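Enquirer: The lines below spell out each chain.
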Amino acid sequence: MTGLGDLPVWAALLTGFFLILGSALTLLGSVGLLRFRSFYERIHAPTLGTTWGTGGVLIASIIFHSVLQSKPVLHEILIALFVTVTTPVSLMLLARAALYRDRSEGNDGVPPFEMAAESQDEQPRSSGV
Amino acid sequence: MTDDTSLILMIVLPFAGSLAAIILPTNARNAAAILAGAVAFICLCLAVMFYPSVLDRGVVRSDIEWLPTLGLDVTLRMDGFAWLFAVLISGIGFLVVIYARYYMSPEDPVPRFFSFFLAFMGSMLGVVISGNLILLVVFWELTSIFSFLLIGYWHHNASARDGARMALTITGIGGIGLLAGFLLIGLIVGSYDLDRVLASGNLIRSHDLYVPILVLVLLGAFTKSAQFPFHFWLPNAMAAPTPVSAYLHSATMVKAGVFLLARLWPVLAGTYEWFWIVGFAGMMSFVLGAYFAIFQRDIKGLLAYSTISHLGLITLLLSLGSPLGAVAAIFHMINHATFKASLFMAAGIIDHETGTRDMQRLGGLFRFMPYTATLAMVASAAMAGVPLLNGFLSKEMFFAEAIATHADSILDTAAPYAAVLGSAFAVAYSARFIHSVFFGLLPADLPREPHEPPFFMRFPIQLLVLACLLVGTVPGLTVGPFLHTAVTSVLGPATPEYSLAVWHGFTIPLFMSVLALAGGAILYLLLKDYLARCEDGPPYFRRLRGQRVFERVMVAVSWRGARFLESILGTRRLQPQLRLLIVVAFIAAAWPLHRLGFDPGRLTVQGLDVTFAGIWAVGVVCALGAAWQAKFHRLFALILLGGAGLVTCITFVWFSAPDLALTQLLVEVVTAVLILLGLRWLPKRSADVTRGVATTGARLRRYRDLAMAVACGTGMTIIAYAVMTRTPPVTIADFFLKKAYSEGGGKNVVNVILVDFRGFDTFGEITVLGIVALTVFALLRRFRPAPDNVESPEQQRVQRAFDEARPDREAGDTVSDYLLIPSVIMQWLFPVIIVFAAYLFMRGHDLPGGGFVAGIALAAAFILQYLAEGTRWVEDRLRVLPVNWIGFGLLVAALVGAGSWLFGYPFLTSYSRYVELPLIGSVPAATATLFDLGVFSLVVGATVLMLIALAHQSIRRLRASRIAAQSNEEIA
Amino acid sequence: MSGVIIVWSVTVAQLLLVAAMACSLLRLVRGPRAQDRILSFDALYVGAMLLLLTFGIRAGSTVYFEAALVIALLGFVSTVALAKFLMRGEVIE
Amino acid sequence: MELILAIGIGVLTGSGVWLLLRPRTFQVIIGLSLIGYGVNLFIFSMGRLRVNTPPVLQSGAVVNPADYADPIPQALVLTAIVIGFATTALFLVVLLVSRGLTGSDHVDGREPN
Amino acid sequence: MSALLPYPLLTASLLVMWMLLNGLSVGQVVLGGIIALAASLAMAALQPSKPKIRRWDMIPQLVLIVLADILRSNIAVAGVILQGRRRTRTSGFVMIPLELRDRTGLAVLACIITSTPGTAWVEYHAGSGRLRIHVLDLIDRQAWIDLIKQRYERRLMEIFE
Amino acid sequence: METAGHLMIMPIVLPLAAGAFLLLLDERRHVIKAVISIVSALALMVIAIALLRSADNASASSGAATGVYLLGNWQAPFGIVLVLDRLSALMLVLTSVLALASLAFSLARWHKAGPHFHTLFQLLLMGLNGAFLTGDLFNLFVFFEVLLAASYGLVLHGSGPLRVKAGLHYIAVNLAASSLFLIGVSQIYGVTGTLNMADLAQRIPAVPAQDRMLLEAGAAVLGVAFLVKAGMWPLSFWLPGAYSAAAAPVAAIFVIMTKVGFYVLLRLSLLLFGVDAGATAGFGHSWLLFGGMATIAFGAVGVLASQAVGRLAGFSILVSSGTLLAAIGMADARVTAGALFYMVSSTLTIGAFFLLIELVERVQDPAANVLSVTMEAYGDDMEEEVPEQEEVGVAIPGTLAVLGICFAACGLLLAGLPPLSGFVGKFALLSAMVRPDAVADGGVIASSTWALVALLILSGLCALIATMRAGIQIFWAPIEGTIPRVLLLEIAPVAFLLTLCLLMTVQGGQMMRYMEATAQSLHSPADYLRDVLSAQPIPGPNAPRDK
Ligand code: NA
Ligand code: NA
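Protein sequence lines correspond, in order, to chains A, B, C, D, E and F. In terms of our numbering, the first sequence opens at residue 333 and continues consecutively. In terms of our numbering, the second sequence opens at residue 1281 and continues consecutively. In terms of our numbering, the third sequence opens at residue 801 and continues consecutively. In terms of our numbering, the fourth sequence opens at residue 334 and continues consecutively. In terms of our numbering, the fifth sequence opens at residue 637 and continues consecutively. In terms of our numbering, the sixth sequence opens at residue 7 and continues consecutively.
No lab work stands behind these hints: they were computed from the structure. Keep in mind the model is a prediction, meaning the values are calculated, not measured. Ideal Cβ positions, reconstructed from N, Cα and C, are used throughout, including at glycine. Hints are not guaranteed to be accurate.
As the list claims (entries may be wrong) - Output of the computed footprint for chain C on chain A, the stretches with three or more beta carbons under 8 Å from beta carbons of chain C: (1) 336-342; (2) 350-362; (3) 378-390; (4) 400-414; (5) 429-441.
What the hints assert, rightly or not - Derived DSBU-like pairs: lysine-lysine, alpha-carbon spacing no greater than 35 Å straight-line: (6) K686(E) <-> K785(E); (7) K2019(B) <-> K403(A); (8) K785(E) <-> K688(E); (9) K403(A) <-> K1964(B); (10) K2018(B) <-> K403(A); (11) K1964(B) <-> K2019(B).
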């Protein structure tokens, strides 16, 4: 039904590669989200999906559509841009909120508010995944 | 004047007079009286003038079309019997008016009295001269209503209110029964016309419905005529002003019942059922009424019970089914009207002059008011059936009928004895009235010094008593011919031979009369001393008070019972209502499926896509989780709801509905923010408080609800699956797909449907959105947070406290630090989203997008700024006027729609073509796009209005608390 | 040939993405804290966005692109609102 | 496919109904939203399911309706979504106002005793 | 000019966005131009702090560096996730005193740090200009501080201040 | 379509334009807003009457029994059509009359009790008229939502705990009902593939047997949605509360809303499941009959049980709805005719009653003059409030008498006692149910019919007892009767509506003729189908585009 037939194989291979790369990275991110112990570790995981995970799929999409329509189809770049700009916003707000909640509940493993330059004495926490 | 017009006038005049009287000033006593008197007198003259035409034509009719298709026309019909009553009603009415003028005190709002009086008279005339059964019911009910107003005239005392209510309730019930009965008669006869009904007596009597008809009609007649067992309302009606009693209980109200019995006598009488029901009621009323009358202390009470008794006599006569009985009944109707009216007026005079009607307090009044006393004596003698008075004649006829055997039965054998007994009682109470009021020694403690009343107060009595005398001495010359016309008009060919002679020789009836007179006299002599000091009401029956029973029943049925029923048949709680709704809907859907043998279609697992299944696994978890968590973890539930929405979007995309996915996504975002805004005003709820204390009942309720939920879900699944797997019908969609581009000017068929083919739906849809936004706005204008929400959220308090506690920081640092960096990005996204919205709008007609999604996107841009910087900051810079956006949007949509009128096309006719613009090339220009602009504008306005109105509550709260603080300072 | 490649890779990619969404959902349900749920909700959105892009490739058309674009540009708004609700107890001050 | 979607519709509606019968206003509003999803998908499914045939015409002037999914249910769902959004917002505000005036978030405005 | 075209750079980039979305054509340029202008005028209403970009030339360099770093740390974090329990790893907070004050610059820095898997922007205090980040795989705290300050902050300060 | 035809859409567009325009005016400009609103309402009445005349004449003279308006110039069944026949015209007139009265009443003060009253009111009218005019099932849903949304706003107008609680229930139930509406409509579409009512009527007989149960299930669910609006027991418990809590003018206009449910049920049951509906003919009639009877019984009980006059009025609505539903269930042209007459009469009556109640309650205690809204007032500082002890009207001595007369009239009308139209309506129903030819064909009259007759009569009795109790308590019992302060503007609408009832009595013959003609055309919808489906769009603007 779609004109997949007249897509050159190299393009198909490239598309497939990036597609699977991107989604694999995203999956990894989610796995990390699932397996990491503390919230502050988990917060790192989704960025896999939002950076190169998204990137991979977008590149695949760009290649695919550009070759298929034999003209540059670049509007996926916008998605990349928007994701890169918006994800930090939510993550920053979320992390700060989590920090506040942990502090107000006096949970351990969170730094005190003190921000004196020499207050680098926070104990790094050792943990497996 | 033609008979038609005078017939109509007889009805119209009284009501017109009533209207005229009601607008008279409250103190216009004479004006009202003169008006009423004039009306009554004219009616009397009209009636009298009818006699010749009634005499030679028998029946005079006048028909005015009213509801022909329902067989209900204004048919007025005057015959001898109706004529007789018309004369009685208007004549006695005239006399009562004169009497009332002097009876009523200047303090009373007399015009209202005469207004009701005239209206009542009109209704009564209507009853007697209406020639259509339903019309008769109309007037019948009117008499009930106006008698209600007349009895309750002195509504400041409770007895009047109760009497009026009881009268209306009983007679109202009767009237409704009468209506039902007449409906059945109409069903049999095929017409409500009186003449046709009177002509089809045999048909009716032989019909299966005869007994129901009889019962219903008698219900009407007995309630009206206060016949046993419906008699008890009448004595309570004595709370009415005496003129009212004199009118209602002599010639009119109560007479309506027996009038009806006589009127329908040819149709209903003569059967076994008729004899038994009517006869029994009549005899009971006759004897018991007379017996009760003896023991009344109140004169009017005595007269009331005697009325019941005399009407019982008439009913008894009619029950016999013999023509002679009917003659006697009609004759007694006349006589009773005359003497009873005069007696009531006399009672009124006594009350008026002495200030009391208690026969134990009264006495020896003969010395003070000889004329009145004489008149009263003559009248009550007539009531007792003393010879040479009219009462005697009809009583004689009654005795004669009583002994004559009709249907062989106990009732029949009892009749003579009952007749004598009742008559004896009548003699006794008449004697008591005369003796205890006018003779004996005068008690000391009379409220005021009695003397003769003014002439015009006595004049009506004189006339009536004169009538009693004349009729009693020379019946043949006076009442004879009129009675004959009346009788023939009722009985027609069946009219028997009868003589009105005073003297028939030494007959059994004569003997019975003597017996009754003697017995009554003796009875009174025996009871005299007892009656002088007994308490009110008859011995043995004192406990059994009809009206108390009635009141009890009324309260039990119409109040307590009703409340109980309402509470079990209905509910005021929401959950049961929703439960019922769901159950009903489920049954409604399941019933046809069950009835027509439903086959859900075979399950096919083919084409089952793992990805899709996985997506829906996510969706299912989200839905169930939301249902599970919504009580204690609102935020969690909200997030899960979002998840379910996301899965819905993916489904839309999967099954080729990109527009739906777009819209759903944007709505998701806005809804989430909206509910979050609301969450702040809901009470804190923690799981551990109420968890685990669920009672068994609660648990059972939960299981029931769970079952219902599962049932509904399964039902939806089955039906959806069934429809999806059936072969689709030929839908109207093909037309849209074919015409969307060629005639709608767009490639995105969904959008073309929305803005063109079915643009009218969108038109209404945006109106809904606008209305809701306005409602939300209006509601929040009056929003008042619950006490536990008034202060700012815990987090803000903690953070402020923290900032204030530290020397290096000041209040608000935390939040400003918090938003410092993110807000930069969110600001820069503002124009980006605007451009994106423009993009969505522009492409709508040809590709997924359109005014609605564009609108929400733009709204999101605004909301993002509010999120980033707070309400004040934004509104210092941006002045969004959402209400105007809404109004503008609606107007644009309406104008675009109406624009097509200019070209003579129907509303919302779109026009699209490509316009060649310099250096831009051909661009699509469809009026549909303009319409979409209206949509866009409205959506922006509505969405922003709702969210911002909600957001404003926080500021409102701050302002309120500030005001509160100030006031506290002022206090301190 | 290339059709087969595309179809297969898209199918695999979609499976991976759905698995990713499932993981995020699992974390969402597990929590333990609200911030974890919000974080995984965000991840869920990203997964959905990528899924939509794969549809575009599978269908060889760009009609599904805007949906993805909407998630990319506006999907974070609800996350922001949620986070702010955690931090301040109030979304718009 | 049909089966999965049907089950999905059922679960959404069922969960919604369950919440609709709960005593707390917030539960009711979530329930109404879930029912909304279910009903929208139900409407959508009434046009039968077609994969990858969006009713967006290729610019070809001649159109074969068989090549496209039924656009009408989609249009109906769009309207339904909008109206659902509006009513959700309204109900939310009403429950807030009720909570404010009665002090309780019970649907009957007072705690059951 | 500045009244009509308050943010030329913004307007331009919005126009580019429009082009990307609608493809290239004269009509779209005109239409997009109008819309972009309108959007930037709307932006002007918000009176945002207007960033001054001094060193255009450094932007591409920074972008490339960041992309590379992101790619590297993607692999690193993926490794961490895949390794599972086989190796213990310490994560923790690092406090970094910043000189960079420009809000836009800070925003870009935030995007960089957050977008890089393995580092997360946690809190920033405008008063003291101190930033706290969380590092997934924390071995040498000072190394991270230098990395951020040397690799990103310096460049950003050159660009924005 | 000639421009005269455009009159048909005016009842929808005019109130919309008025409402939208009112939005652009400043909040505090009450006078100008009131003027616009009233003018619009007046215009609506004039238009409605004109439409009624045209509908009556058209069907009397030419073959075109029904006026058809092709929206967007798209032919039925594809586009949305408005259909004007005697029934819809009648409903339009009734709506406009009631609207005029309530609006006038509200001008005494209610319209200031909250923002955007007039807009909401106008849009409610738009929704009502749309629902009465549209010939498209989904468009009907849209207009239902329009009128419901506006009603949500209006039922809460003036705020206050009572209103909000009742409103919450009202909204919750109706939202659920709306979902049912959607399910029903879409299911019908899924089976028949069309949304146009006339087209549906044509397609339904052809629905294959294995799909018919799905069709009927959809129709049944749809019916439930309408029954909620019509207030059938046991779906009607929200109604008395909501109506008695609503502000007087709002409650008055709401009376027409239960009639919307009746209208749609009547229209659809006769159009889709009438005699020519093949296997599905007569679908649901018995349910309506018995449901209606249950509703009458419950309503009557409620009437007796209610202490507050407001609830009494609310329950009388249920009685009237039940009567109408049962009448549909009878599926007999003459009964339908009677039902239509009864509907008009009872609507006017209860509308007047709701307005009157607020006035007579001032007899009981003058404190009732204070709006609950002013008690609850917690608005913005700039918000204009109705002052606490606002003196309403002046105490004229005649007031009490006038109120008494009006109350008595309402009582008679509710009880169906002579001489007013309440009696005529009830008699029309009864005489249609027990009539010789009804016996002739059926042989005997069904016992259910007898039960219905009894219920009708007894419900009247209950109304009589209850209203009498209330009237005595209000007008007679008080020793020191406080003379209420009533504006002419407030009593005039009541008098207006009651006068109309009187006219209906006097002109009963003509009215009945109209109703019978209406019923006839409803029971033989062939003309309707022909006219709707044969209406041709004007050739023109949508010519194939130059590429
Ligand atoms: Na058109
Ligand atoms: Na990161």
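Enquirer: None of the hints should be skipped; say for each whether it holds.
Expert: We went through each hint and held it up to the structure:
no.: 1; hint: 336-342; verdict: holds (count 5)
no.: 2; hint: 350-362; verdict: holds (count 9)
no.: 3; hint: 378-390; verdict: holds (count 7)
no.: 4; hint: 400-414; verdict: holds (count 7)
no.: 5; hint: 429-441; verdict: holds (count 4)
no.: 6; hint: K686(E) <-> K785(E); verdict: holds (24 Å)
no.: 7; hint: K2019(B) <-> K403(A); verdict: holds (31 Å)
no.: 8; hint: K785(E) <-> K688(E); verdict: holds (21 Å)
no.: 9; hint: K403(A) <-> K1964(B); verdict: violated (57 Å)
no.: 10; hint: K2018(B) <-> K403(A); verdict: holds (30 Å)
no.: 11; hint: K1964(B) <-> K2019(B); verdict: violated (56 Å)
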